[in-house]
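All chains should be modelled from the sequences, with the hints used to inform the complete structure.
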Amino acid sequence: MADAANKKTIYAPFAGAVEIVENVYDFSEDGGAVGDLDYFAFGESVLLLNAWIEVETTCTSSGSATVGLQVGGNAMMTAVAVASLVAGSAFAITQTSGPRHSGTSDIGLEINVEALTAGKIKVKCLIAKLG
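Sequence positions in the sequence shown follow the numbering used here and run 37 to 167.
The hints are simulated quantities; they were obtained by calculation from the structure and are not laboratory data.
This one's a predicted model, so the numbers in the text were calculated from it and none came from an experiment.
Check each hint, because a few of them may be wrong.
To be verified - With a straight-line Cα cutoff of 25 Å, these simulated SDA-like cross-link-like pairs (lysine to any residue) come out:
(1) 158 to 142
(2) 44 to 99
(3) 165 to 139
(4) 160 to 127
(5) 165 to 142
(6) 44 to 153
(7) 158 to 80
(8) 160 to 106
(9) 165 to 149
(10) 158 to 41
(11) 156 to 99
(12) 160 to 117
(13) 165 to 117
Unchecked claim - Derived DEER-like restraints, expressed as beta-carbon distance ranges:
(14) 150 to 53: 21 to 29 Å
(15) 151 to 126: 21 to 29 Å
(16) 123 to 86: 17 to 25 Å
(17) 93 to 166: 29 to 37 Å
(18) 55 to 153: 32 to 40 Å
(19) 150 to 51: 40 to 48 Å
(20) 70 to 140: 22 to 30 Å
(21) 122 to 86: 20 to 28 Å
(22) 114 to 44: 22 to 30 Å
(23) 96 to 52: 36 to 44 Å
(24) 41 to 109: 13 to 21 Å
(25) 153 to 83: 16 to 24 Å
(26) 52 to 119: 40 to 48 Å
(27) 111 to 45: 21 to 29 Å
Note that the Cβ used here is the ideal one computed from N, Cα and C, for glycine as well.
Encoded structure:
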C-alpha cells in the first residue's frame, strides 16, 4: 500500500465524537497505478460507521480499471467499473449490518485491473471516535 499525496491522520478530540472526514484522490497528484492508496490513518481507535466515494471529475483508463474502498488492505466496497465513474456519481460501501471496522487501520482507495489515466474522487468516511 502507498500513501496518498495528501494522506490525513485523524485523532479523537474526545471519545464518542462522530464526524465525517474526507480526502480527495486526484490523478494529477497521486497518479493512477494499480494498487491501494491510503487516504486516512487513524491515530486512535475509531469505529467506521459508513464510507463512500463521490466522483468529482470523470475517471478514465486505457483498459477496464475498477475502483473500490479498502481498510488495512481488505476490500469493503464492491469495485466500481471505470465506465461508471462519471462526474456527479457516488458509491457506498456494501456491508449492511454491524460495524464496518474498528481500530487504527488505514483506509483508502483500491485501483484494480488497469491504471487510471484521469479523474478526481472524494473519499468520505463517517466515523465514531473511540479514543
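Okay, the hints, checked on the actual structure:
1. The straight-line distance between the Cα atoms of residue 158 and residue 142 is roughly 16 Å, inside the 25 Å bound, and the hint therefore holds.
2. For the suggested pair residue 44 and residue 99, the alpha carbons sit about 30 Å apart, so the restraint of at most 25 Å is broken.
3. For the hint pairing residue 165 with residue 139, the CA-to-CA distance comes to about 10 Å; that is within 25 Å, so the pair holds.
4. Annotation: proposed proximity of residue 160 to residue 127 holds, straight-line Cα distance about 10 Å (limit 25 Å).
5. For the proposed pair residue 165 and residue 142, the alpha carbon gap of about 15 Å is at most 25 Å, so the pair holds.
6. Distance check on the hinted pair: residue 44 and residue 153 sit about 24 Å apart at the alpha-carbon level, within 25 Å; holds.
7. A hinted pair counts as satisfied when its Cα atoms are at most 25 Å apart, and residue 158 with residue 80 qualifies at roughly 23 Å.
8. Proximity of residue 160 to residue 106 is assessed by CA-CA distance (about 12 Å); at most 25 Å being required, the pair is judged to hold.
9. At most 25 Å may separate the alpha-carbon atoms for a hinted pair to count; residue 165 and residue 149 exceed this at roughly 34 Å.
10. Between the alpha carbons of residue 158 and residue 41 the distance comes to roughly 14 Å, so the proposed pair stays at or under 25 Å and holds.
11. The suggested pairing of residue 156 with residue 99 holds, with an alpha-carbon distance near 18 Å, which does not exceed 25 Å.
12. A C-alpha spacing of about 19 Å is found between residue 160 and residue 117, which places the hinted pair at or below 25 Å, so the restraint holds.
13. A threshold of 25 Å between alpha carbons decides the hint, and for residue 165 with residue 117 the separation of about 32 Å lies outside it, so the pair is violated.
14. Checked against the hint of 21 to 29 Å, the pair residue 150 and residue 53 fails, with Cβ atoms roughly 39 Å apart.
15. In this structure the hint that residue 151 and residue 126 lie 21 to 29 Å apart at CB holds, the actual value being about 23 Å.
16. Roughly 22 Å separates the CB atoms of residue 123 and residue 86, a value that falls within the hinted 17 to 25 Å.
17. For residue 93 and residue 166, the hinted distance range of 29 to 37 Å is satisfied, since their beta carbons lie about 34 Å from each other.
18. The hinted window of 32 to 40 Å between residue 55 and residue 153 holds, with their beta carbons roughly 33 Å apart.
19. At roughly 43 Å, the beta-carbon separation of residue 150 and residue 51 lies within the given 40 to 48 Å, and the hint holds.
20. Our hint of 22 to 30 Å for residue 70 and residue 140 holds, since their Cβ atoms are close to 26 Å apart.
21. Remark: the range hint 20 to 28 Å for residue 122 to residue 86 is upheld by a beta-carbon distance near 22 Å.
22. Separation of residue 114 from residue 44 is about 25 Å and conforms to the stated range, judged on CB atoms against 22 to 30 Å.
23. Our hint of 36 to 44 Å for residue 96 and residue 52 holds, since their Cβ atoms are close to 42 Å apart.
24. In this structure the hint that residue 41 and residue 109 lie 13 to 21 Å apart at CB holds, the actual value being about 19 Å.
25. Separated by about 36 Å at the C-beta atoms, residue 153 and residue 83 break the suggested range of 16 to 24 Å.
26. At about 41 Å, the beta-carbon gap between residue 52 and residue 119 stays in the expected band of 40 to 48 Å.
27. A hinted range of 21 to 29 Å holds for the C-beta pair residue 111 and residue 45, which are about 23 Å apart.
The structure is inconsistent with the numbered hints 2, 9, 13, 14, 25, although it conforms to all the rest.
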